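Colleague: Sequence:
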Amino acid sequence: MTSATAAVPRPVLVLVPAMGLTLTTRQRVFAFATMCVGMFIALLDIQIVSASLADIGGGLSAGADETAWVQTSYLIAEIIVIPLSGWLSRVMSTRWLFSASAVGFTIASLLCGLAWDINSMIAFRALQGFLGGSMIPMVFTSAFFYFQGNQRVLAAATVGALASLAPTLGPTIGGWITSNYSWHWLFFINLVPGIFVAVVVPMMVKIDKPDLSLLRGADYPGMALLAVALGCLEYTLEEGPRYGWMGDDLIRTTAWVAAIAGIAFVWRSLTYAHPVVDLRALKQRNFALGCFFSFVTGIGLFATIYLTPVFLARVRGFSALDIGLAIFSTGLFQILAIPFYTMVARRVDLRWLMMFGLACFTLSMWDFTPITHDWGWRELLLPQALRGFSQQFAVAPVVTLTLGSLAPERLKLASGLFNLMRNLGGAIGIAVCGTILNDRTNLHFLRLAEHLNAGNEAMADMLRGGAHNLLAAGVEAGANEAGALRNLARLAMREAQTQACADAFFVIMLCLLVATLMVPLMSKVEPPKAPPPDAH
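Position 418 of the sequence shown, counting from 1, maps to 418 under my numbering, and the rest follow consecutively.
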C-alpha cells in the first residue's frame with residue numbers, strides 16, 4: 001500500500017485549454033442549462049414516486065413493504081455512485097460521463113415504465129439511480145469552471161435552487177401525472193429530456209479530457225468499501241424504523257457491516273495516495289462546515305418532503321393528486337425567491353444570507369408544530385411558503401461558500417463528498433422521522449387511551465351517540481356498540497399520528513437551529529485564481 005506521505009505527485013485536473021472560458025456567454029449558459037436539465041430529472045425522480053406508491057403497488061400487485069423499495073432502491077444506488085462521480089469524471093471526462101449517465105438514466109426510465117412485476121421495478125429503479133446519480137455533482141463542479149465573479153454566484157444559486165426544488169416538486173408532479181394518466185408516465189416523462197441531454201452534452205460540454213491512465217492504480221478496495229458502507233447504511237436507515245432497528249437480525253447485521261466498512265474506508269482514504277474521495281479536503285474549515293450544512297439542509301429538505309405527504313395520506317386520506325396540490329406552494333415560493341436571492345447575493349455577504357435562510361427554515365418548522373388533524377392546503381400554505389422561500393437562501397449560499405474556495409484540481413473529488421452529505425442527511429432525517437412517527441404515535445395513543453375510561457363522561461356520551469347512529473343506520477344491536485368503540489379508536493389513532501408529526505417537525509427545527517447558530521464559523525470565500533490555460 002502506498003503511504004500518504006510518500007513522494008507521489010498529486011493528480012491534477014486535465015483541462016482543455018481555456019475551453020470553458022473561450023465559449024461565448026450564450027454557449028456557456030446553454031451548455032450549463034443542459035446539464036442542469038439532467039441534474040433536475042435525476043433529483044426529481046427521488047421523490048416523484050412518493051405520492052404514487054399505492055398506485056404502483058396496485059398496478060404491480062405488490063404489498064406496501066415491497067412497494068417501499070421502489071423508492072429505497074433508487075436512493076441506495078444513487079447514494080453509492082455520487083461520491084464516485086469525481087473519479088469517474090476524471091477517467092471519462094465530464095462530457096462523456098454526463099452523456100453516458102443521461103443515456104443510461106433514459107434507458108432505465110423506459111424499463112421502469114415497462115416493468116412487469118415488483119422485482120423488475122426494484123431492479124430497474126436501482127439501475128436508474130446508479131446511472132443517473134453521477135449527473136448531480138458534475139453540475140456543481142461545472143458551475144465553477146464555466147463562470148467567474150457574479151456569474152458564478154448566479155450559477156451557484158441556480159444549482160442550489162434546483163437541488164432543493166426538484167425533490168420538493170416531485171410529489172406534486174408525480175401526483176398530477178398519476179391522477180391524469182398512469183404511474184407508468186412517472187418514468188416515461190424522462191425520455192424526451194434524457195435524449196436531449198444525451199445529444200447536446202457531447203457537442204457543447206468540453207471542460208476536460210479523459211484520463212484512462214487513472215484506471216491503473218485506482219483505489220478499487222476503497223470503492224468497494226465505500227459501496228458496501230453506503231449501501232448497508234442506506235438499507236439500515238430505510239428499513240430500521242419498520243423492523244424495530246437492532247431488534248431485527250438483518251438490520252443489526254447491515255448496521256455492523258456499514259460501521260466496519262465505513263471505518264475501513266476512512267482509514268483507506270487517509271492512507272492511500274490517490275483516494276476515490278478526497279477526505280483531506282475536510283481539513284479546510286469552510287469545506288468541513290459546508291458539508292455539515294449540506295447534511296443538515298438535507299435533513300430539512302427530504303424529511304419535510306417525507307412528513308407532509310405521510311400526514312396528508314394517513315390523517316387526511318388525501319389522494320396522490322390532492323397531496324401534490326397541497327404541497328405545491330413550497331416549490332412555487334422557492335421559484336419566486338430566486339430573483340430576489342440573485343439580486344441581494346451580489347451585495348450581501350453570503351454567510352449572512354445563509355444564516356437568514358436557515359433561520360427562516362427553522363421558523364417554518366416551528367410553524368408546523370401546531371398541526372391538527374384538519375390541516376389542509378390552506379393551513380399548510382404559510383409554513384410551506386416560508387419553507388420554500390427560505391430553502392433558496394439556505395441551500396444556494398452553501399454551494400458557493402463550500403466549493404468556491406477549493407482549488408480546481410480538488411473540486412471534482414470534493415464535490416462528490418459535498419453532495420453525498422446532502423443525500424445522507426436526507427436518508428438519516430427520513431429514518432429518524434419514521435422512527436419518531438412509529439414510537440411517538442404509540443406513546444401518544446397510550447396517553448390518550450389512559451383518559452378514555454369509564455369515568456370519562458364525555459367519552460361515554462360520544463359512544464352512546466355513535467352507537468345510536470349506527471343502530472339507526474341498520475347495524476344490529478351489540479354490533480353497533482363495537483362499531484362505536486372502533487370509531488373511537490380510529491379517532492384516538494388519528495390524533496396520536498398528528499401529534500407524532502408535530503414531534504418530528506420539532507426535531508427538524510432543533511437541527512436547523514443548531515446549524516443557524518454555527519453559520520458565523522464560516523469564512524468569507526475568496527475564490528482561488530484560475531489555473532493557467534496550459535495546466536495538465
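No lab work stands behind these hints, which were simulated from the structure alone. Bear in mind that the values here come from a model prediction, so they are computed numbers and not experimental data. Certain hints may be false.
Unchecked claim - Straight-line distance between alpha carbons at most 35 angstroms, and here's what the computed DSBU-like set of lysine-lysine pairs gives:
| no. | residue 1 | residue 2 |
| --- | --- | --- |
| 1 | K206 | K524 |
| 2 | K283 | K524 |
| 3 | K209 | K524 |
| 4 | K283 | K206 |
| 5 | K283 | K209 |
Said to hold, decoys possible - Each pair of labels, with its calculated beta carbon distance range:
| no. | residue 1 | residue 2 | range |
| --- | --- | --- | --- |
| 6 | L250 | A64 | 30 to 40 angstroms |
| 7 | A64 | R252 | 19 to 29 angstroms |
| 8 | L521 | P339 | 28 to 38 angstroms |
| 9 | R447 | L521 | 56 to 66 angstroms |
| 10 | L270 | D439 | 35 to 45 angstroms |
| 11 | V507 | L212 | 20 to 30 angstroms |
| 12 | L443 | D374 | 17 to 27 angstroms |
| 13 | S523 | N487 | 55 to 65 angstroms |
| 14 | L279 | L212 | 20 to 30 angstroms |
| 15 | A64 | G149 | 45 to 55 angstroms |
| 16 | R490 | G149 | 52 to 62 angstroms |
| 17 | E379 | T24 | 48 to 58 angstroms |
Quick reminder that beta carbons are idealized off the backbone N, C-alpha and C, glycines included.
Colleague: Are L250 and A64 spaced within 30 to 40 angstroms by their CB atoms?
Modeller: violated (18 angstroms)
Colleague: Indicate whether the distance between the beta carbons of R447 and L521 respects the range 56 to 66 angstroms.
Modeller: violated (40 angstroms)
Colleague: Kindly confirm whether 45 to 55 angstroms is satisfied by the beta carbon distance between A64 and G149.
Modeller: holds (51 angstroms)
Colleague: Given a hint of 52 to 62 angstroms, does the C-beta separation of R490 and G149 actually sit inside it?
Modeller: Distance hint for R490, G149 holds at roughly 60 angstroms.
Colleague: Tell me if the straight-line CA distance from K206 to K524 falls inside 35 angstroms.
Modeller: holds (30 angstroms)
Colleague: I want to verify a distance hint. Is the separation of the beta carbons of A64 and R252 within 19 to 29 angstroms?
Modeller: The hint (19 to 29 angstroms, Cβ to Cβ) holds, given that A64 and R252 are roughly 23 angstroms apart.
Colleague: Could one say that the CB atoms of S523 and N487 fall in the range 55 to 65 angstroms?
Modeller: At roughly 59 angstroms between Cβ atoms, N487 and S523 fall inside 55 to 65 angstroms, so the hint holds.
Colleague: Next pair to validate is K283 with K209; report whether the Cα-Cα distance is within 35 angstroms.
Modeller: Since the Cα atoms of K283 and K209 sit roughly 28 angstroms apart, the hinted pair holds (cutoff 35 angstroms).
Colleague: Note whether the CB distance of L521 and P339 lies within 28 to 38 angstroms or breaks it.
Modeller: Taking Cβ atoms as reference, L521 and P339 lie about 29 angstroms apart, which means the hint holds.
Colleague: How does the Cβ-Cβ distance of E379 and T24 compare with 48 to 58 angstroms: does it lie in that range?
Modeller: Given a distance of about 49 angstroms, which is inside 48 to 58 angstroms, the answer is holds.
Colleague: Range hint 17 to 27 angstroms: satisfied by the CB atoms of L443 and D374?
Modeller: Once the Cβ atoms are compared, 22 angstroms apart, the range 17 to 27 angstroms for D374 and L443 holds.
Colleague: CB of V507 to CB of L212, is that within 20 to 30 angstroms?
Modeller: violated (47 angstroms)
Comparing the model with each earlier hint shows violations of hints 6, 9, 11; every other hint is respected.
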